[in-house]
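Could you put the whole structure together from the sequences, leaning on the hints where they help?
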Amino acid sequence: MSFDLSGMTARLDKLYEFDRQPVTPDKFKKGALFAGVFAGEHVAATEFVIGAFFVLHGIKASDLIFGLLIGNMLAVLSWAFICAPIAVDTRLTLYWYLRKIAGPGVMVIYNLANAFLYCILAGAMISVSATAVGLAFGMKVPGLNDIWPANALWVVVCLALGLLFTLLAILGFEKLSRFAEVASPWIFMVFIAGALVTLPKLGVRADFSNFWEVATAKIWNGVAEAGQEKFGFLHVMFFAWFCNLAMHIGLSDMALFRYARKWTYGFYSAFGMYSGHFLAWICSGIMVAAIGREMHPGKMAFEALGLAGAAAVMLAGWTTANPTLYRAGLALQTVTGWPRWKITLIAGLVTSILSCFPLFFMKLLDYVAIYGLVLMPVGAVVFAEHWLFPRLGIPRYLAERRKKVFNWKVLLVWAGSLIFAFLLPIHLYFRWLPGYLFALAFYVLLNLSEKRSIEAEERTDVN
Amino acid sequence: MLIKFSRMFSVAALIACLALSWWHFKGGIETTSFKQWFLVLSIVYFAAAVFSVRKRSKNKTLLS
Numbered sequence: 001m002s003f004d005l006s007g008m009t010a011r012l013d014k015l016y017e018f019d020r021q022p023v024t025p026d027k028f029k030k031g032a033l034f035a036g037v038f039a040g041e042h043v044a045a046t047e048f049v050i051g052a053f054f055v056l057h058g059i060k061a062s063d064l065i066f067g068l069l070i071g072n073m074l075a076v077l078s079w080a081f082i083c084a085p086i087a088v089d090t091r092l093t094l095y096w097y098l099r100k101i102a103g104p105g106v107m108v109i110y111n112l113a114n115a116f117l118y119c120i121l122a123g124a125m126i127s128v129s130a131t132a133v134g135l136a137f138g139m140k141v142p143g144l145n146d147i148w149p150a151n152a153l154w155v156v157v158c159l160a161l162g163l164l165f166t167l168l169a170i171l172g173f174e175k176l177s178r179f180a181e182v183a184s185p186w187i188f189m190v191f192i193a194g195a196l197v198t199l200p201k202l203g204v205r206a207d208f209s210n211f212w213e214v215a216t217a218k219i220w221n222g223v224a225e226a227g228q229e230k231f232g233f234l235h236v237m238f239f240a241w242f243c244n245l246a247m248h249i250g251l252s253d254m255a256l257f258r259y260a261r262k263w264t265y266g267f268y269s270a271f272g273m274y275s276g277h278f279l280a281w282i283c284s285g286i287m288v289a290a291i292g293r294e295m296h297p298g299k300m301a302f303e304a305l306g307l308a309g310a311a312a313v314m315l316a317g318w319t320t321a322n323p324t325l326y327r328a329g330l331a332l333q334t335v336t337g338w339p340r341w342k343i344t345l346i347a348g349l350v351t352s353i354l355s356c357f358p359l360f361f362m363k364l365l366d367y368v369a370i371y372g373l374v375l376m377p378v379g380a381v382v383f384a385e386h387w388l389f390p391r392l393g394i395p396r397y398l399a400e401r402r403k404k405v406f407n408w409k410v411l412l413v414w415a416g417s418l419i420f421a422f423l424l425p426i427h428l429y430f431r432w433l434p435g436y437l438f439a440l441a442f443y444v445l446l447n448l449s450e451k452r453s454i455e456a457e458e459r460t461d462v463n
Numbered sequence: 001m002l003i004k005f006s007r008m009f010s011v012a013a014l015i016a017c018l019a020l021s022w023w024h025f026k027g028g029i030e031t032t033s034f035k036q037w038f039l040v041l042s043i044v045y046f047a048a049a050v051f052s053v054r055k056r057s058k059n060k061t062l063l064s
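Taken in sequence, the protein lines are chains A and B.
Take the first sequence: its letters are residues 1 to 463, numbered as in the numbering used here.
Take the second sequence: its letters are residues 1 to 64, numbered as in the numbering used here.
Be aware that one or more of the hints could be misleading.
[Stated by the list, open to error] In silico EDC-like pairs for lysine to aspartate or glutamate, Cα to Cα no more than 20 Å straight-line:
1. B:K4 x A:E181
2. A:K201 x A:E213
3. B:K26 x A:D26
4. B:K26 x A:E213
5. A:K201 x B:E30
The hints are simulated quantities; they were obtained by calculation from the structure and are not laboratory data.
Next comes the structure, spelled out in structure tokens:
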């Protein structure tokens, strides 16, 4: 395995070669496509876990409803006012735009960080699927505070599923992703149907007259489970906002919005937010309340819908893990230069081992927060360079102009803002926002001197 | 035509799943029968949806 940087960046460039040029107007897509992509992407296996965890964290019904309404609206606005305008302006993916700003060396680091984070997420999704498959063998699912695998059967099921998912990802990612397109409307329907048939078990009458009473007393009753932190309105609102931080504020959805006719297409993200991150979270909360608040996605869907419910959890885990494994493989391929099948196999093996540790599945909410936080400074750097630099008279794309492999200022801002965010004496969920503002200010400050140096360079050129 | 028909069929299967759940919520069907019918309708949905997606992608390949 070679670790020479020029080789890595050459392979990375080759991998993304097909989207190196800005998207041309003949390739622009209709708004309905964006609505469909968002609606499909944001109804996944994570929804079975997140909505249920809100119940276990003792959220009150009114806090949940208003927190989700406002938090999801902030997420939609982030797509519409931060991500989509930059994508439409440049018509580039984040990869190529960041390469101009930060240099190819930083891109290798960004890809590696992404691959590692993807592997953990895929591992958590395998664990979710394992809860459904394990039902057939009477498997005991780990407890809420478990870190290590609690029993041998759990390890066997996780490893077997992980290897199966890896094998399928190697054999035919494209065909499988088409199958995922087919599965996603059905999975969304399973959430709605599962919650609906569960309501009578909780005591909701057929005319819905006592729904709110049951919701506040038996589902979101404000009482946290033992060992779980009590959440309130702000936790829900911030969680709904940063749940896809890497995509909107972190700008990775530039890859999607560069095909948009206009920046207002960012508002189509509402189709994903209010179906997946509102309705589906509410539905999984209802289902978990009916099984005695046990964090067991397989059981909660099986109790509601029988075999079809268990199959939905299995499929949701797989359809989420499949592209995640694929992306991790792609990112790692650039570092090793190995063939896709080999690197996907290695990423899959690592992911399968990670899935055995209940820590990632049982702490999914915290993991989602960390995932967004780690990639957020990159979004701040791009935002500053795109919008703030021209207004402040600071020259843009200096890494590209000076043919730098590493823009050290970007790395410094990335590391500095993460240290700043982790040192803040506030809840993990609230750290990204001051961290983002810090990253913006820090990057602008570091580059203020460039204003003078570029003027001097230009004067030297003239002379 | 076949693609359109299979797509309509898959949408109908999804709506039927929801209608069945509503019927169960209203107490019109007992739990065991509900779960069996839900599974059958889900299989019908997947058969129709996979068929329509496969046909569509085949047609696209032929056209390109």
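Problem set entry | Pair hint outcome, K26 of chain B versus E213 of chain A [Cα-Cα no greater than 20 Å] | At roughly 19 Å apart (the allowed maximum being 20 Å), E213 of chain A and K26 of chain B satisfy the hint.
For this session: Assess, step by step, whether the Cα of K201 of chain A is no farther than 20 Å from the Cα of E30 of chain B, and give holds or violated.
Result: holds (13 Å)
For this session: Please work out if K4 of chain B and E181 of chain A have their alpha carbons no farther apart than 20 Å.
Result: holds (17 Å)
Exercise. Are the Cα positions of K26 of chain B and D26 of chain A separated by 20 Å at most?
Worked result: violated (51 Å)
For this session: Measure nothing beyond the straight line between the CA atoms of K201 of chain A and E213 of chain A; if it is 20 Å or shorter, mark the hint as holding.
Result: holds (14 Å)
Of the numbered hints stated above, the single one contradicted by the structure is hint 3.
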